[in-house]
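**Q** Sequence:
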Amino acid sequence: MPRVTLPRERTDMLELIANNFVPVMFAGLFLFLLTGIPVAFGLAATGLLFGLIGMEAGLFSTSLFQALPLRVFGIMSNETLLAIPFFTFMGIILERSRMAEDLLETVGQVFGPVRGGLAIAVILVGALLAATTGVVAAAVISMGLISLPIMLRYGYNRTVATGVITASGTLAQAIPPSLVLIVLADQMGRSVGDMYSGAVFPALLLVGLYVGYVLLVAVIKPKWVPALPVEARIYREKNGASGHKSLVLLLVACALAGWYWSTQHNTIIGGWLERTRGADNDEIIIMSLTVSSLMALALAIVNRVTNMGLLSRLAEQVTFVLIPPLVLMFLVLGTIFLGIATPTEGGAMGAMGALIMAVSRRRLSFKLLKQALDGTAKLATFVMFILVGSTVFSFTFNAADGHIWVEHLFIDMPGGALGFLIVVNIMVFILGCFIDFFEIAFIVIPILVPVATKILPTMMPGVPIDAVMIWFGIILAINLQTSFLTPPFGFALFYLRSVAAKTEYKDRITGETIPAVKTGQIYMGSMAFLFLQVVVLASIIAFPKLVVGNIDKGPNIDAEAALEAFRLPAPGKLAPLPVFGLPAAPEEGASAPEGAEPAADADDPMKALLDAVKQDDGKKKP
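Residue numbers for the sequence shown follow the numbering used here, so the first one is 1 and each next one is one higher.
By construction, these hints were calculated from the structure, which means they are not laboratory data.
Check before you lean on any hint, since a few could be wrong.
[Unchecked claim] Using 30 Å as the maximum straight-line C-alpha spacing, the simulated DSSO-like pairs for lysine-lysine come out as follows:
(1) Lys-518 <-> Lys-506
(2) Lys-518 <-> Lys-502
(3) Lys-245 <-> Lys-223
(4) Lys-502 <-> Lys-223
(5) Lys-221 <-> Lys-245
(6) Lys-518 <-> Lys-223
(7) Lys-367 <-> Lys-378
(8) Lys-221 <-> Lys-454
(9) Lys-506 <-> Lys-223
(10) Lys-221 <-> Lys-518
Generate coordinates for the entire structure from the input sequences, incorporating the hints supplied.
**A** In structure tokens form, the structure reads like this:
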């Protein structure tokens, strides 16, 4: 058979690609995306095309893609990712059943009498929606439709109003059970429960800073955040009282119940689960909050059934509107933290709880159910296609030792681990302004994780590698949240722009003409909250204990105590085990038995074993 000779130009081209395969592959992906092709198909096409080119150039074997179907099947059977459609369905049901409207109205009535009360209500409801929906678009659009007209009606400054809505909507990126945290945990190969535990304190810190900013504005610029007028407070008593005193007493009673549970948690739960070690702080907090919420709900039900009149209208309304979603959230997170349920099982429980809540409020219809199923199917399909495409891309990328190329790219970077963190955060921040977090998680994270695993542990000596990577994941989640707020590309800004008034309109309550909301006002409103998010991000990097301090480190086992329990000598004091057919070696300082030959070949156990076999054979001969 005659030998086929390739043209010199083609040979030179293949040699050039082979020598620069990874950067050329990235360039190819960029060109695919510039054509407007969907990201999932662009990733798959790049992986397949460059896989064939690599085979032609002699870089890969022709059997490169034989294992690809098994990888794709593994994605389809990933139980962790099954949590995404469950949490998505739960969020859509709660949002479409007008839960956000009820929450904003009720919480607004609670904080309305004070300056900045409406803004604080939006932040708190945004945090609750983030914990229940887990989707930024749903949270921002819901609050933009409901709260923005109310805030403009009562004279709120437009930059403050729009900034509060967009910032609180992005909390869905960081507050458990966040879809971002689920995806990051899966791509990093870490526990979703640990990712949730690590995110709790940074998320609460962020919410606290948001509230603190509003209170500061209320002091410096009180006219920017006016209180609700008396006529807008609809849950007043017959005698004109606001009902806040009854609400405070209810909160105190429930807080005492939660505190008592926290003191007995280890006894009750430890006995139930037959667990010997103490519970983690986040577990105790979640379960204590759950007990407090259930007690408030029970008291409100008893008060309404018996007509005792112990609770005010405001206290009853807050309990019946706020407590059910809180209990649902606490039960989902609590079962995950306790280890009773996996994130998928917790998501399924949350979806069922959302259906029960919608039915109890008589707001579940066939149309709503169809919309929820349709939205869930679209998001789940989108995620699955992205993941399959990224798998094909990473298959070829790793075959070309792309992870080694990336490691060499970052390993010699000035600043060491801190320099790596800064560059990665800048890169993820820029990408977050243009592409969805799912795409970032499935494309970028698998490339960065091997490098981060080698570099980042140097910043926290003695901390387990799993905790270090959880810390890294929380940093990326907060970073993605920050990119959602950054003008002019932040997704949250576009979501609010799509529902904010583009022209002046007449308010249906006051009859006054309300001017349109300008895009520049939305951009300016996000800047203060963007600064607060950068502060939180820098704090997490500077103080890793904000994250790793909440992660379960497992039981602390004393090696000496364990050896003593098993009645074994300490390491280094173990007596040598006898070789089959040979007597045990004498202890140090003991004399050899009489008649024994000196062990000239004591350092050669195999020769000693053969000699013993020969001696046994000699004894068996007549």
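**Q** Hints first: check each against the structure and report whether it holds.
**A** Here's how the hints hold up against the structure:
1. Proximity of Lys-518 to Lys-506 is assessed by CA-CA distance (about 17 Å); at most 30 Å being required, the pair is judged to hold.
2. For the given pair, Lys-518 sits about 7 Å from Lys-502 by alpha-carbon distance, which is consistent with the 30 Å threshold.
3. Among the hinted pairs, Lys-245 with Lys-223 is consistent with the structure: their alpha-carbon atoms are about 27 Å apart, no more than 30 Å.
4. Under the criterion of a C-alpha separation no larger than 30 Å, the hint pairing Lys-502 with Lys-223 is consistent with the structure, at around 24 Å.
5. Annotation: proposed proximity of Lys-221 to Lys-245 holds, straight-line Cα distance about 28 Å (limit 30 Å).
6. A hinted pair counts as satisfied when its Cα atoms are at most 30 Å apart, and Lys-518 with Lys-223 qualifies at roughly 20 Å.
7. Restraint check: the Cα-Cα separation between Lys-367 and Lys-378 comes to about 16 Å, which is no more than 30 Å; the hinted pair holds.
8. Taking the CA atoms of Lys-221 and Lys-454, the gap is about 49 Å. The hint is violated against a cut of 30 Å.
9. Between Lys-506 and Lys-223, the direct Cα distance comes to roughly 22 Å. Compliance with the 30 Å bound is thereby established for this hinted pair.
10. Distance hint between Lys-221 and Lys-518 is fulfilled; the C-alpha atoms sit about 21 Å from each other, no more than 30 Å.
In this structure, only the earlier hint numbered 8 is contradicted, and the remaining ones agree with it.
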